[in-house]
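2 protein chains.
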Amino acid sequence: MRTSIATVSLSGTLTEKLTAAARAGFDGVEIFENDLLVGPLTPREIRARCADLGLTVDLYQPMRDIEAVPAELFARNLRRARHKFGLMRELGADTVLVCSSVDPEAVDDDALAAAHLRELADLAQDFGIRVAYEALAWGRHVSTYDHAWRIVEAAGHPALGTCLDSFHILSRGSDPKGIEDIPGEKIFFLQLADAPLPAMDVLQWSRHHRCFPGQGGFDVAGLVRHVLRTGYAGPLSLEVFNDVVRQAGAAPTAVDARRSLLALQEEVRPAEAKPPSAPVTAAPVTSAPVTATPLTVIPAPVVPTGFAFAELVTADAEPLTGLLAALGFARTARHRSKPVDLWQQGEARILVNTGAVVRRDGAQLAAVGLESPDPGGAAARAEALLAPVLPRRRAPEDAPLDAVAAPDGTELFFCAAGRDARHTGWRADFEDVGQPPAAPGVHRIDHLALTQPWHHFDEAVLFHRSVLGLDAEDSVDVADPYGLQRSRAVSNPDGTVRIALTVGAAPTDDTVHAQHIAFATDDVIAAARRFRDAGAPLLPVPANYYDDLAARYEFADGELETYRELGILYDRDEAGGSLRHCYTRTVGRVFFELLQRDGGHRGYGARNAPVRLAAQHAVRTSGALGGG
Amino acid sequence: MRTSIATVSLSGTLTEKLTAAARAGFDGVEIFENDLLVGPLTPREIRARCADLGLTVDLYQPMRDIEAVPAELFARNLRRARHKFGLMRELGADTVLVCSSVDPEAVDDDALAAAHLRELADLAQDFGIRVAYEALAWGRHVSTYDHAWRIVEAAGHPALGTCLDSFHILSRGSDPKGIEDIPGEKIFFLQLADAPLPAMDVLQWSRHHRCFPGQGGFDVAGLVRHVLRTGYAGPLSLEVFNDVVRQAGAAPTAVDARRSLLALQEEVRPAEAKPPSAPVTAAPVTSAPVTATPLTVIPAPVVPTGFAFAELVTADAEPLTGLLAALGFARTARHRSKPVDLWQQGEARILVNTGAVVRRDGAQLAAVGLESPDPGGAAARAEALLAPVLPRRRAPEDAPLDAVAAPDGTELFFCAAGRDARHTGWRADFEDVGQPPAAPGVHRIDHLALTQPWHHFDEAVLFHRSVLGLDAEDSVDVADPYGLQRSRAVSNPDGTVRIALTVGAAPTDDTVHAQHIAFATDDVIAAARRFRDAGAPLLPVPANYYDDLAARYEFADGELETYRELGILYDRDEAGGSLRHCYTRTVGRVFFELLQRDGGHRGYGARNAPVRLAAQHAVRTSGALGGG
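Protein chains in written order, with my numbering: chain A, 1 to 628; chain B, 1001 to 1628.
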C-alpha cells in the first residue's frame, strides 16, 4: 500500500520534514497547516519541492470548527474554507481533513451538521477537492467514527467522505468492526497512530505527576482545613514524586517544597482562625485534649503595581542601545558610580549594565525593578517564603534596595512607587544626562518573558504567585519547530505587571534561552515604522501567515497589507479585543517586542508564538538580521 | 505547624536529601525505605545524622501488602514487620506507614483486615511503634480513606491509626469533608501532595503520547484489517505526535515511522490474504470496483538462536582483559589482520578490539554477533525494514558477514550457527592462540544491557521486535538516585538471546551511559569467589540491603552471610525461581555481571537495580574500585 506521513509527525522545518519523509521512502505527506504558515515557502514552492522529492500531497489538514454553528458563523467559516481551497489547489492537495467541531457555539444537530458539510463539499467540488470528515475523540458533539459516518451518509455528497484515525477510534474504546459497514470509497483517508494504554492510570499519575501543594489542581488547603478541624496535631508532610523532582538538585527542591507548605498554611489560615472560645474540632469520640497547632504566619502579600525598570547586562552595549535608540528610547541618566545607563521612554525604563560579569552568550536580562507600595513589606514576605535575599546595597553610596533572587537567578528589586521615588529610591543613584522623548511611542513595559531552567518551571510559578502575590493563568503549550514550549503567565490584577514564564520541552532544547521585553504602545504601526525607518529590521514574518489571517478575519482596506509590510502579528480574542505585535532581532539572549492591546485583549499572542519561533530559527540559520 | 518531607521527594543520596531538607528548614523527614536500603549508612548512623541536622524521623515508609491475606502469608508478613520494627527503633522512628494491600492474594474481608492490623499493632506496640494505615488509591480492596478508617476503627487498637494522603484522597474524587468524622488523635499522619488535574485527558493523551504503530498498546493492525475489508484504496498515513518526536531528528524518526508501517502491513497480511475469488469487501452500497491494494511484503523473520559474540572496543585493553581474566576467560584466538582478540569461556565469547576509533569515555560495546539459522535471510529482512546495512566485509580477506546497525549504533552481525560456523563464519578470520578453560565457570552470555539514546527508546524496541523477531516484555521503571530509568527487555522464545534496552529519564542523565554484559553461571558463589580471589573487587552492596533480604525471605544457614560477604544480589519470583547476581567495576562504559538463574527465573533483577545503581554512584563519587 502507499504510505504517507503527516508533517506534524516529524521535527524541524517543513523542508527538513519533507526531505526526511522522502529519504525514508514515504510515497506522500499530509501537510499540517501550521507547518505551512510558519515557513517561507509559498504553497506552489512546497508543491514543487514535494514533486522533486517524489512525494504526493495526500492531505491538507486540519480544517477546524466548520459545522453545526449559527448561520452567520457558518458563512464566515465558508469564507475561510474558500481561501484554504484556493491554497490547496496551489499546493496540489485534493483532500482536506475537516475534524468535528469543538466550537462552543456548535449545536448538537446532526441534520444541520450534514447540511453544512454538504454545502462545504459543494464548494470544495468547485475546486476539485474532496472533504474528509473525521470525529475528534474530544469533539463537542461528534466524537465517534460511526457518528461522523452517519452525518457523512446523511449529507450524501460525492465530494464528502470520512477520515478514520486509529487514535480517535481506539482511544474512545469504539469497536472498529463497525468500520466494515462503511463503503470503502467513502473512506477518503486513513490516519494511523498507536498509543500506550493508560493502564493503572492513578498509579502512573501518582508516580510521575505529583507536585507540591499549589503547583497542581487539587484543593489541598481545603483538605488540610478538614484535617485540622479534627484536632490533628502531627506534621504537614510532603510526599511528592515526579520525573523532574527525581532529577533536580535536592537543595532547591527542598526550598521549593517548604515554600509550598508555608504558602499552604497561609491559605489554610482563614478557616482555622476561629474564635479561641470555640475549639476547632469535630471529633466526637475522643476524650484527649485537642492540641491547637499554630500555623506559621507569613507577612501579607504586597502586590507590585508596575515595572520600575528592567536591567540588561552585556559586555558590549552597542547592539542593545542601537535597538533601544531605534525603538525611540533616549539615554536619560547614568549611575553615579557604576557603568550603568538608564534608557527611558514614557514610563519604560531599561538599565544597560556593562559592568557585570556576563556569560559568553551575551546580553541578558539580569534584574527587574518592581514598583511596590511597601518595598520593605514585600521583601519581608519574600524572605519569610525562603527567597534568597540579596545584599541591601550594592555599593556604600547606593540607596538601600530590597531585593531577592527568583528561581531562575533574576534579581527582583522592590522599589518605592510614586513621586518620591525619584529622590529616595533607586533613581537617586542616577544623575541625569538627557531628557526622555517628549512624545513617546512606547509608554511602559507591557510584560517580560523569562525562560526558566528545565527543572524549575513549577517552582517559578509558585514563587511568583506566593512571593510576589501575582495570579497565574493556565499553562499553554507553544509549538516550536523543534519541540513544545510550555508557558504560563503571572500578572497583577490590573495587568500592569505581567511576566510570561516559559520552559522548553527538554533540557537540550536550546531554542528557549531567549528572554524578551515587550513594550506597550498605542500605535504599533507608527512605532514599527519609526523603528524600521531608523534602519533597524523587524523580524520577518512569512507571507503564508498573512494569507491565513486573511482567511480567518476580515480587515479594513489596506490594513492587512500594512501588517504584512511591517511584519506585525495579529490576534483577536473572543470578545473582539485585538493584539498587534512585532519583534526586533535578538541580541545575546534578549529581544524586544512592540505591542498594542485594544478592546481589553489580555493575552500574549500564544497563537502567533510558533510563527515567531520559526522566524527566529530561520534568522539564526540564515544569519539574516545580524542576529546574535 | 511542624513540617516534614519524605526523602523520596528529593533527588540524590540519602545524606544529600537530609542535608537539603534541614537547610530548607524542615522539622522532620519521612524515611523512604529504599533510600535506606541502597545507602551505606546504618539505621543508627542515619538517626545520628538526622539529630545533627535537627531533623526528627517522623515516619518510616512504606510497609506494603500486610493485611487480609491467607494465614501462612500473614505469618511471613508479621516476621517481616518484626524485622522492620527493630530497624525503626535503631532509626528512632516511632510511626510506620502501612498502605492498603495490592497483593493478589489479599481478600475482600474488612473483618480479617482489621484483625490482621490489630495483631500488627500489638506487635508494634511492643516496640513502642504506632501503625498508620493508609488507603492507596489503587489498593486492591481498600482504596478510599473512609474505608481505611472504618477498618482502623473496627480494629480498635491504641497503636493503630490512619494516615491521610491528599493525593490518594483527591485523586479518587473522595469528599474530604468526611475527614472531620475521624478523631484527630486517630489521624497518625498527614501526607500532602498536589497534582495537575488530567483535564481533557484524551486530548493530552493524543497530543503528548501518540506513537507509531507497534510502539503502543492499540490493536492498530486489527483496525486496518477492518478498513481494508471495505475496499479502502487510499494510503496508510501516520499522524503521530509526542514530546519526543517533536524534538528528535526528522530523518531517523521518518525511518522509524516507515518501519512501523512495514511491520504493520506484515501483521495485517494474514487476514488480507483471502482467496482472490472472494473479494475482500463488505461494502454493501457501493457499485465502484474494489481496488485490491497490495500490502508490501517483507521477508519472514529469522529469529536469532544465541549470542555468537560481543565486541568491545577500547584504546587500552588492559583494564578490560584484566576483568575478563579474573572472570575466568582466556585469550583463545586473534584476528588474522586486525588488532582484535577473542576471549572465551564456555560459549561466552568476547572480542576485544583496540583498533577502532573510540570515544574519549573509553571502552564500549560496539558490536554483537547473533547466531542465526539463516544469516542471509535475517539480513534481507533487516534491509527490507530499513536497517542500515553495513559493508559485508570489513577487509578483503575477512569472511563476508551480514551486518546491520541498530538505532543506538551497535553493529549487529548475523552469524551462521552450528558446527560449520567455526570454519566458514566469523571465527574463520581468527587464528587460535590458546585454549578456553576446561572447566568454565561461565557458560554463555545471559543477556546484554544496552543504553539507548534519549530519543530512540521506542524506536529501539520496535527495531528489535520487528527486525530481529524478538519478543518485548513490559516496560519497567527503575529508580536511580538521580532519576527514573525505563527498561524493556527483548528476547527470543527460549531465552538464549536477551537484551535489556534502557533509557534514562532525561538527556542530561549521565547515569545511564553504561552498558553491560551478563554472563550465565551455574554457581555464582564459586564464580564470585574466583573473581575476588583473582584480586578483582566486586561492586560493594550496602549491609542494609541484606537486612531487608533477611526480613523478606528465609535462607539456609550461612546463605545470606555468603551473599553479604561477596556482594551477591538476590531475587525470587512468584513461582519460587531465584536469581543471584553480582557486578564488576565499570571500565569506560562497560561492566560485567555474573548471574545464576534457578527454577526458571526469567527476570533481570529489576528490584535490585536501584541498589546496583546507587552502589555504582557511590563508587564513582568515592573513586573506590578504581572505577572508570
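I should point out that these hints are in silico values taken from the structure, not numbers from a laboratory. Quick caveat, the model's predicted, so the values are computed rather than measured. The beta carbon of each residue, even a glycine, is placed where N, CA and C say it ideally should be. Please note that a few of the clues may not be correct.
[To be verified] Calculated lysine to aspartate or glutamate pairs in the EDC-like style (CA-CA distance at most 20 Å, straight line):
#	chain 1	residue 1	chain 2	residue 2
1	B	Lys1177	A	Asp126
2	A	Lys177	B	Asp1094
3	A	Lys177	B	Glu1267
4	A	Lys186	A	Asp126
5	B	Lys1177	A	Asp219
6	B	Lys1186	B	Glu1267
[Unchecked claim] To list a few chain B residues with every Cβ distance to chain A over 12 Å, as calculated:
#	residue
7	Arg1002
8	Thr1042
9	Gly1576
To see whether the hints hold, each was checked on the structure:
Restraint check: the Cα-Cα separation between Lys1177 of chain B and Asp126 of chain A comes to about 62 Å, which exceeds 20 Å; the hinted pair is violated. A C-alpha spacing of about 58 Å is found between Lys177 of chain A and Asp1094 of chain B, which places the hinted pair above 20 Å, so the restraint is violated. Simply put, Lys177 of chain A and Glu1267 of chain B have alpha-carbon atoms about 17 Å apart, close enough for the 20 Å limit, and the pair holds. Under the criterion of a C-alpha separation no larger than 20 Å, the hint pairing Lys186 of chain A with Asp126 of chain A is consistent with the structure, at around 19 Å.
With a C-alpha separation of about 12 Å, the suggested pair Lys1177 of chain B and Asp219 of chain A falls inside the 20 Å cut-off, and the hint holds. Restraint check for Lys1186 of chain B and Glu1267 of chain B: not satisfied, since their Cα atoms lie roughly 58 Å apart, outside the 20 Å limit. Listed as a non-interface residue, Arg1002 of chain B fails to keep its Cβ farther than 12 Å from every Cβ of chain A; the least gap is roughly 4 Å. Every beta carbon of chain A lies more than 12 Å from that of Thr1042 of chain B, the smallest distance being close to 21 Å; the non-interface claim holds.
Its beta-carbon lying about 26 Å from the closest one in chain A, Gly1576 of chain B satisfies the requirement of being farther than 12 Å from that chain.
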